[in-house]
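Protein chains in written order, with the working numbering: chain A, 1 to 518; chain B, 1001 to 1241.
Treat the hints with caution; some may be incorrect.
Stated by the list, open to error - Partial pick of chain A residues on the chain B-facing surface, computed with a CB cut under 7 Å: (1) L309; (2) L312; (3) T411; (4) E425.
Hints were generated in silico from the structure; no laboratory data involved.
Computed from a prediction, not measured in an experiment: that's the story for all the values here.
Glycine is no exception: its CB is placed at the ideal position from the N, C-alpha and C atoms.
Residues per chain are reported as follows:
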Amino acid sequence: MQSTDSLIVRFAYAIQGFKRYQSIKNFFYSLLEAQTSPYSKYFNSFMIFLIFSSVFILIDEVKNDISLELQIFNDYIISFFFLIEYLLRIWLYGSVSELIIKQYEKDQLLSRDLRIKSIIKKTFSLKFAYIRSPSAIIDFLAIMPFFHELRLLRLFILFRVFKLFRYTRSIHTFVKVLHTKKFEFFTLLVFTSIIVFVSAVMIYVMEANVEGSMISSLFEAIYWSLVTISTVGFGDYTPVTREGQVVAMIIIISGIGVISFATSIIVSSFTEQLDDIKENRDIDSLRKLKNFYLILGYDHLGEHVAGKLKRLGNNIVVLDERANLAELAKKHGYTAFNYNPGLLSSYKRLNIDLNAQVKAILSLEGSDISNVYNALTIRSINKTTPILSILHNKSNQKKLSLAGVNDIIYTQELIGMVAKEFGGEPVAFEAINALRSETNGIVFEELFITDYLLEHYPTLKMFELFKYHILCIGIQRGKKDFLFNPIPTIELEHGDILLLTGMKSLIIEMQKHTRGEV
Amino acid sequence: MIFESVIIFGYNDYAQEIARQIDASYEYIHIYTLEKEENERAIRDGFNASLFDLSDNWDELVQIEDITKVLAYCVLQHDEHNTFLTISLHATFPELFIVALANDLESANKLRIAGASKVLSVVQTTSEMISDYLEKPTLNSVLQNILYTDSKLKLAQIIIGPDSSLIGVELHTIDWKKHYNVLILSVTNDRLNFEYVFTAKGHHHKVAEGDILVIIGYTKEIEKFKEEVNHSEIDWGHRSW
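Taking the hints into account, I'd like the entire structure generated from these sequences.
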């Protein structure tokens, strides 16, 4: 291999391996292109500010003489910023070093010399693909005012307004939506052009040589045609001949068709996109949600569990592949997605960090097979998030456990236990049950003894539970010791968990009191 | 309210678990099933089982002397059958204690109206269990311990007899710790109205004959308490907070 070749290749490998370079490139990529950096919105706001100030200066210039400083600002400084941005985006588009390496590997495989020409060609076509894209062209034109000697180029400042499309999500969405219907819009355009042209010619023929008529050139005829067909009707030009008026009538009637056609295209494209837009918005809001429960399957059980957890103050996200149930979940006020929880793509689309954001995943589907499948899918991308699943058939318990489920709830066994108690000492059992289901405003509560609390409330007595009509059933100390019915003078330790029961409102009062005094 | 024998209607997964769990506690258990296959399974598992149908033919049961000593579980697969069965049973044996299983809240309501003494809502119970497990783990494990395992810490109910020295006493005024290490959770005069001792109403409730006290404590203490509470000579010292 020739020495220049090896130099190029070594350079490419060096860049790939150079961590600092890659991390800088990633930073800018997330800032500019992917918009996932936390600084993205500041960057966007700054750019929008530059664009607007640029346009306002231009507007101001029309009537007033503006200071030299402002002119310089508008022409040089803003253009400079946009130039930097333009160059950055070119750099971010694709990776030249990767290209070189790929070519090198290909050539090695085929046992031939490094094809430098091919590399150069590919690099150019890569970067050029970006340069000729519409947003890149707009960016380029926005820099043009740099050359302010040409007065006309000052108007290019207006191109900066088009840059707004990049920075404002809603305009971007609007344009994308209309883009989906570009064929229909094109058809409409052709149709309208033909009618306008034909009627323009007709009115021109009818009116051009007539005395007292205002329409005397083809341009005026076309202008009038367009104004009429769009139902605007300025009234600056009006036909005076009978024939001209007939033409007018025809245009007006077809104008109604044109307007309705155009409106319906826009409306239908939005309606079709609406679900997608809403979904994307939901996924975006998901990025900020911390510490939520992910519930898979919105059958009755999923519904009830979601309700209970939400009442206890948690955030819930629901996944169900049945569209009607996903809708129901949304109706009940949860962030819900109509995705299949057994597919990897569902979790990728959600774009969440399972470790950092999800408290636990609850797989509550109606069949053991689905739950096993869900668990397997999740474990393939994440090993640590806790998964809880219900078990329908005892024989499948091991499968669930092997699939990676941490906690298995076997409903039948549970029901068996409860049913047994109902027959045993039903009154006692009912008392506890009623407390657990929090009817009558009476609840069970756990109170964790922090260092904070320990300082000011070293003994149980100091909580004044009697005053709040709160019963302390016991203190859980460590993993094994449960101190039942403790004496009030007992000394508390850090990490103790008090099990209390009483009226919810009074427990909250007591908690407020302990926080208030501290 | 001590039952001597148990009848289970149905032998699906739930019924099987119930049968398995109560097997040790009752002398006589009989299983009635609607389908032959379930019947055979029950027999294979070692239970007395027979087929039945939903007609109002309760000849066998009518022969039982004291129906109040029988505990009936209605655990048929379909909620409609279960409801029908419950109505039928309740109409024929109004004093029979029926525990019925419901698969959803709507059926639960119907079963209550049909005359079930206790309705077990599968979905509700499971969801409560799951949410407690996740959100109040300590509480959950303590309660599980108290309720379901054979731990020394237990739940018990005590009926106040006519000679009890507690009659006329306001519960909150008594310092239990002087005498027994038990916690009184609630008092009720019939199966529906619980007065929890820590509510304002419960606090000032004066104990009456026939009241049922629900207490938590260690087995020994509970036994001691049971014995002595219906004794008329104990002096219940007053609480000194």
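How the hints compare with the structure:
Restraint check, L309 of chain A versus chain B: the minimum CB separation of about 5 Å is within 7 Å; hint holds. Given the 7 Å rule on beta carbons, the hint for L312 of chain A holds: about 5 Å separates it from the nearest Cβ of chain B. Annotation: interface hint on T411 of chain A holds; nearest CB of chain B at approximately 5 Å, less than 7 Å. With a least beta-carbon distance of about 5 Å to chain B, the hint placing E425 of chain A at the interface is held under the 7 Å criterion.
Comparing the model with each numbered hint stated earlier shows that all of them hold.
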